[in-house]
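Given next are the chains, with one letter for each unit.
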Amino acid sequence: MAYSDKVLDHYENPRNVGKLDDDDASVGTGMVGAPACGDVMRLQIKVDDNGVIEDAKFKTYGCGSAIASSSLLTEWVKGRSLDEATEIKNKDIADELGLPPVKIHCSVLAEDAIKAAIADVKSKRSNEEANA
Amino acid sequence: MQYPIYLDYSSTTPVDPRVSEKMVECLTLEGNFGNPASRSHLLGWKAEEAVETARRQVADLINCDPREVVWTSGATEADNLALKGVAHFYSKKGKHIITSKIEHKAVLDSCRQLEREGFEVTYLDPDENGLTTPSAVAGAIREDTILVSLMHVNNEIGVINDIEAIGQLTREKGVLFHVDAAQSTGKIDIDLEKMQVDLMSMTAHKTYGPKGIGALYVRRKPRVRIEPQIHGGGHERGMRSGTLPTHQIVGMGEAYRIAKEEMQDESTRILALRNRLLDGFSDMEEVYVNGDIDHRVAGNLNISFNFVEGESLMMALRDLAVSSGSACTSASLEPSYVLRAIGLNDELAHSSLRMTIGRFTTAEEIDHAIGKIHEAVAKLRELSPLWDMYKDGVDLDQVQWAAH
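Heads up: the protein sequence lines correspond to chains X and C, in order.
Each residue of the first sequence is one higher than the last, beginning at 1 in our numbering.
Each residue of the second sequence is one higher than the last, beginning at 1001 in our numbering.
One should not assume that every hint holds.
Unchecked claim - Listed below are the simulated EDC-like cross-link pairs for lysine to aspartate or glutamate, each with C-alpha atoms no more than 20 Å apart in a straight line:
| hint | chain 1 | residue 1 | chain 2 | residue 2 |
| --- | --- | --- | --- | --- |
| 1 | X | Lys46 | X | Asp23 |
| 2 | C | Lys1221 | C | Asp1191 |
| 3 | C | Lys1379 | X | Asp9 |
| 4 | C | Lys1101 | C | Asp1162 |
| 5 | X | Lys78 | X | Glu128 |
| 6 | C | Lys1372 | X | Asp9 |
| 7 | X | Lys57 | C | Glu1382 |
| 8 | X | Lys6 | X | Glu96 |
| 9 | C | Lys1379 | X | Asp23 |
| 10 | C | Lys1379 | C | Asp1283 |
| 11 | X | Lys19 | C | Glu1021 |
| 12 | X | Lys19 | C | Asp1283 |
| 13 | X | Lys57 | C | Asp1283 |
| 14 | C | Lys1046 | C | Asp1016 |
| 15 | C | Lys1391 | X | Asp23 |
| 16 | X | Lys19 | C | Asp1388 |
| 17 | C | Lys1391 | X | Asp22 |
| 18 | C | Lys1173 | C | Glu1120 |
| 19 | X | Lys78 | X | Asp49 |
| 20 | C | Lys1391 | X | Glu96 |
| 21 | X | Lys19 | C | Asp1395 |
| 22 | X | Lys6 | C | Asp1388 |
| 23 | X | Lys124 | X | Asp9 |
| 24 | C | Lys1173 | C | Asp1162 |
| 25 | X | Lys19 | X | Asp92 |
| 26 | X | Lys57 | C | Asp1388 |
| 27 | X | Lys124 | X | Asp112 |
| 28 | C | Lys1260 | C | Glu1021 |
| 29 | C | Lys1372 | X | Asp55 |
Said to hold, decoys possible - Residues from chain X that face chain C, not an exhaustive set, calculated with beta carbons under 8 Å:
| hint | residue |
| --- | --- |
| 30 | Pro35 |
| 31 | Lys57 |
| 32 | Pro100 |
| 33 | Ser123 |
Stated by the list, open to error - Some but not every residue of chain C turned toward chain X, in silico, with C-beta under 8 Å:
| hint | residue |
| --- | --- |
| 34 | Gly1031 |
| 35 | His1295 |
| 36 | Ser1384 |
These are computed hints drawn from the structure, not numbers from a lab.
If you're wondering where the values come from, they're calculated on a predicted model, not measured in any experiment.
Glycine included, each C-beta is placed from N, C-alpha and C at the ideal position.
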């Protein structure tokens, strides 16, 4: 299969690889996919007091398109508010990377990952408020 | 070194230069271009002679009578002809066929077609080493069983079935036995005097011959009958019509002649290279060989690098030509059915790499491949959340995955 230059670029030089401290209340973690399906993404965001994503990290087990989708997403979400980040659709990722139809599921997974991370940080926040 | 380094000899082999030299002599006006079926002039006779020489060369490699060799376009056609040919001829005797779950698609899809025609097929599970045991075959044979079809050597994991033992059993039971030998010719000894095989599929292009030519062995004593699947002209004693492609056939003959002569030395050399390759990974964690390592052809190494997905691994190995059992390499998104049938979990199936070594592989190429794979696996594990979890002592089997 031929990969687009953008997929190759993210694969060769993945952005924001790493791990944030999940015990930190300002960190949200989205872990989606399953080893059995050949894709697992872990996307983490760190949100400041104004609800803006100040940092994002990922690690992905999966094909080059899955790695590129999550790498691109971390670039996109940084500096956005949680609401803005929710607006990112899998189609935006697929279009930007030029994913072929058989790889669309990789972009769907990335969208699921950011949604899960946002939900996680929101629930952490509301728990904190409830405890306060 | 020439890039990419070719480590996919089970997929196809380059044509040996000695073979292509013979082939080009059978194409042009100055050469042996006649129709082997032309009985009326010298050019036809000369072409026929070349075809019969090649038939003898093929027969010599597998120790049978040349009259038992029927030319086909390759192993896929030979498999189709064997299964459908036997099923259609013997359907009055019975309608039950036995095969295994890890056969080549040429056999499995032919079986599916026969099922649509009213035949019943039993698909045997291989053991965890990938072998189909004689006792598994014995347990599946019924009154109405007409055919057992099994591969000699598996294309993905290279394991070798005990054809002699299974042949003994099928002969005793009066059931025909077809063997797909596409992956074994020129790699291990095949002696059809000793092996009680009734039909055997072969191809040229996995034994340094050209693509587009193969053969089906059809036993004469005791006689095996098949219904032809391609009609028109009655070539090959009516079993497979169509003008014989002299240059292809001559190529297959020469390739098999070379195989017979050089197989012993070549296997020793290739085995040493395979061991060198395997040793190259001995210092890595979580590396698994798939399939029986002892009952295996010399050139095959199928190996899983846990927590690394196969397609991304191949992406990092662009100067190696290898293949993967990972889902993403095929449009189906299903990992290798062969690896799953031998009990591999999906992670390991997705993480597998098949490297197959052949006649032109060098030690230098193996060393280069080892270095590249080390780098790539290290890089991708650094990227892998599963590797992180493994290193943190998380049991991945206990995790509730959000499957998609």
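Results of checking the hints against the structure:
1. X:Lys46 to X:Asp23: 11 Å, holds
2. C:Lys1221 to C:Asp1191: 15 Å, holds
3. C:Lys1379 to X:Asp9: 15 Å, holds
4. C:Lys1101 to C:Asp1162: Holds, at roughly 16 Å.
5. X:Lys78 to X:Glu128: 23 Å, violated
6. C:Lys1372 to X:Asp9: Answer holds: Lys1372 of chain C to Asp9 of chain X is near 19 Å, not above 20 Å.
7. X:Lys57 to C:Glu1382: 13 Å, holds
8. X:Lys6 to X:Glu96: The given pair, whose Cα atoms are some 8 Å apart, holds under the 20 Å limit.
9. C:Lys1379 to X:Asp23: Given that 20 Å is the threshold and the Cα spacing comes to 27 Å, the pair is violated.
10. C:Lys1379 to C:Asp1283: Holds, at roughly 16 Å.
11. X:Lys19 to C:Glu1021: Status violated; Cα separation ~59 Å.
12. X:Lys19 to C:Asp1283: 27 Å, violated
13. X:Lys57 to C:Asp1283: 30 Å, violated
14. C:Lys1046 to C:Asp1016: 24 Å, violated
15. C:Lys1391 to X:Asp23: Since the Cα atoms of Lys1391 of chain C and Asp23 of chain X sit roughly 18 Å apart, the hinted pair holds (cutoff 20 Å).
16. X:Lys19 to C:Asp1388: 9 Å, holds
17. C:Lys1391 to X:Asp22: 16 Å, holds
18. C:Lys1173 to C:Glu1120: Distance ~18 Å between Lys1173 of chain C and Glu1120 of chain C Cα, so the pair holds.
19. X:Lys78 to X:Asp49: With a Cα-Cα distance of about 14 Å, the restraint between Lys78 of chain X and Asp49 of chain X holds, given a limit of 20 Å.
20. C:Lys1391 to X:Glu96: Violated, at roughly 34 Å.
21. X:Lys19 to C:Asp1395: Judged against 20 Å, a Cα distance of about 19 Å means the pair holds.
22. X:Lys6 to C:Asp1388: With Cα atoms ~26 Å apart, Lys6 of chain X and Asp1388 of chain C exceed 20 Å; violated.
23. X:Lys124 to X:Asp9: Not satisfied, since the Cα-Cα distance of roughly 35 Å exceeds 20 Å.
24. C:Lys1173 to C:Asp1162: 17 Å, holds
25. X:Lys19 to X:Asp92: 25 Å, violated
26. X:Lys57 to C:Asp1388: This hinted pair holds, its Cα atoms lying about 14 Å apart.
27. X:Lys124 to X:Asp112: Given that 20 Å is the threshold and the Cα spacing comes to 18 Å, the pair holds.
28. C:Lys1260 to C:Glu1021: 18 Å, holds
29. C:Lys1372 to X:Asp55: 33 Å, violated
30. Pro35: 4 Å, holds
31. Lys57: 11 Å, violated
32. Pro100: Violated, because the Cβ-Cβ distance from Pro100 of chain X to chain C comes to roughly 10 Å (cut-off 8 Å).
33. Ser123: 16 Å, violated
34. Gly1031: Gly1031 of chain C check fails; min Cβ-Cβ to chain X is 39 Å, beyond 8 Å.
35. His1295: Hint violated; His1295 of chain C Cβ to chain X Cβ min 29 Å, cut 8 Å.
36. Ser1384: Since chain X brings a Cβ to about 4 Å from Ser1384 of chain C, closer than 8 Å, the hint holds.
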